[in-house]
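Read off the chains here:
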Amino acid sequence: MSIPFYDSGLASGLLSGVLFGFALEAAGFGSPRKLTGQFTLKDFAVFKVMFTAVLVAAIGLYALRLSGVIADNSVYIPTLFFWAMAGGGVLIGAGFALGGYCPGTSLAGLGSGRIDALVFFAGMVAGTIVFAAVFEPLTGFYLAAKGPDAQRLTDLTGLPEWLILAVLVVVAAGGFVLGGKLERARGGPFTAEDVCTPQAEDTEKVQRHGQALEA
Amino acid sequence: MTAHSHSQARGRAGPRPFWPPLAAGIALGLALLVTFLISGHGLGASGFVTRLAADVSDRVAPAATAANAYFGPFVQAGSPLAAWITWEAVGVLIGAYLGARSAGRISVQVERGPNVSRSQRFVYAFIGGALTGFGARLARGCTSGLGLSGGATLAVAGFVFLAGFFIAGFVVSMAMRRVWQ
Numbered sequence: 001m002s003i004p005f006y007d008s009g010l011a012s013g014l015l016s017g018v019l020f021g022f023a024l025e026a027a028g029f030g031s032p033r034k035l036t037g038q039f040t041l042k043d044f045a046v047f048k049v050m051f052t053a054v055l056v057a058a059i060g061l062y063a064l065r066l067s068g069v070i071a072d073n074s075v076y077i078p079t080l081f082f083w084a085m086a087g088g089g090v091l092i093g094a095g096f097a098l099g100g101y102c103p104g105t106s107l108a109g110l111g112s113g114r115i116d117a118l119v120f121f122a123g124m125v126a127g128t129i130v131f132a133a134v135f136e137p138l139t140g141f142y143l144a145a146k147g148p149d150a151q152r153l154t155d156l157t158g159l160p161e162w163l164i165l166a167v168l169v170v171v172a173a174g175g176f177v178l179g180g181k182l183e184r185a186r187g188g189p190f191t192a193e194d195v196c197t198p199q200a201e202d203t204e205k206v207q208r209h210g211q212a213l214e215a
Numbered sequence: 216m217t218a219h220s221h222s223q224a225r226g227r228a229g230p231r232p233f234w235p236p237l238a239a240g241i242a243l244g245l246a247l248l249v250t251f252l253i254s255g256h257g258l259g260a261s262g263f264v265t266r267l268a269a270d271v272s273d274r275v276a277p278a279a280t281a282a283n284a285y286f287g288p289f290v291q292a293g294s295p296l297a298a299w300i301t302w303e304a305v306g307v308l309i310g311a312y313l314g315a316r317s318a319g320r321i322s323v324q325v326e327r328g329p330n331v332s333r334s335q336r337f338v339y340a341f342i343g344g345a346l347t348g349f350g351a352r353l354a355r356g357c358t359s360g361l362g363l364s365g366g367a368t369l370a371v372a373g374f375v376f377l378a379g380f381f382i383a384g385f386v387v388s389m390a391m392r393r394v395w396q
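Protein sequence lines, in the order shown, are assigned to chains A and B. When we follow this note's numbering, the leftmost residue of the first sequence carries the number 1, and every step to the right adds one. When we follow this note's numbering, the leftmost residue of the second sequence carries the number 216, and every step to the right adds one.
Everything labelled a hint here was simulated from the structure, so no lab data went into it. One should not assume that every hint holds.
[To be verified] Label-pair distances were calculated between CB atoms; the ranges are:
id : chain 1 : residue 1 : chain 2 : residue 2 : range
1  : A       : Gly68     : B       : Arg333    : 54 to 60 angstroms
2  : B       : Val323    : A       : Phe5      : 34 to 40 angstroms
3  : B       : Arg274    : A       : Leu182    : 43 to 49 angstroms
4  : A       : Pro160    : B       : Ala281    : 47 to 53 angstroms
[Stated by the list, open to error] Residues on chain A that point at chain B, a partial pick, calculated with CB under 10 angstroms:
id : residue
5  : Gly17
6  : Lys48
7  : Ala53
8  : Cys196
Cβ atoms here follow ideal geometry from the backbone N, Cα and C, with glycine treated the same way.
Construct all of the structure, not just a fragment, from the sequences and the given hints.
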């Protein structure tokens, strides 16, 4: 039997999802305050966790290919459509900064109790329906500036894969050091105590209000 | 922080800490690697939203949905229950719930910044969700499918997406400081 198994069944989906959801929640990505802390520079978990995960999987795939466990071109590699992907990335970045989640983390938020994640999710369904409604006039933009099929950084730069991975490891390490300094300077990162205690700020407001009344 | 030390002193079980980013990143990377080896592709999330939206649209307006150039093929492909991504999304809910429960981190709340009311939070969440839903269809994926999974295959597409995501995140966050600060 060859690897990958190309199993698209129910059990395969459930297994991947449970591992994914568990890791997202353990990272603190069920909390929109922790997630958006990335963009106020108070919490670098998004950068650190994502970059680490990309590198673990990228190095793993590279090692498995070198050792002959999986063949070249045996996993799915997306093809670039420059404007649509850059534009979509911009919209998701804006939606994340405003709404507090991205699609995967909204499910992690919902699974760990966040009611606002359900509203974000409903917004995504609405946004998807709007996209379908305007898809035909958008088709030109959707297909513009297509890159070569399944193009990778190795194809783009002509550099060997090990060198690209090494550069990314250095960038990640730099991000860990710099991010750690920046987040501590801003009183971060957010802890589970900070974000898993319901309505902490409301309790403080009530207390302040009470003290003001007593005074 | 004072509340924290008080509860510890009294021995009440507060939420257990999140995993350090390096450990959580390694766990997420291994989950992604396992997914590649089993399914041949990476993790995702917005693909489930697409199938659900097509299904909702099909129930409300079947003729228009079947005729729609984007939703039509999804409706023809059958129920969302037949799609791998649907079960993966269900798994994410289960995995997050089990993880949070085992660590005392289930937190039923409307989580928001200190200067934002509940109803304002709902408005921001809905608008943010709508931008995200639209953007994910435009990009053909989201932070999971393109950023994480595409990035792990060193796809140029993944890094173009991530550049747009991080730049817009910083710009919108600076322009809308009051939402979270």
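The hints, checked one at a time:
{"no.": "1", "hint": "Gly68(A) with Arg333(B): 54 to 60 angstroms", "result": "holds, 56 angstroms"}
{"no.": "2", "hint": "Val323(B) with Phe5(A): 34 to 40 angstroms", "result": "holds, 38 angstroms"}
{"no.": "3", "hint": "Arg274(B) with Leu182(A): 43 to 49 angstroms", "result": "holds, 48 angstroms"}
{"no.": "4", "hint": "Pro160(A) with Ala281(B): 47 to 53 angstroms", "result": "holds, 49 angstroms"}
{"no.": "5", "hint": "Gly17", "result": "holds, 2 angstroms"}
{"no.": "6", "hint": "Lys48", "result": "holds, 4 angstroms"}
{"no.": "7", "hint": "Ala53", "result": "holds, 4 angstroms"}
{"no.": "8", "hint": "Cys196", "result": "holds, 4 angstroms"}
Consistency with the previously given hints is maintained throughout, with no hint failing.
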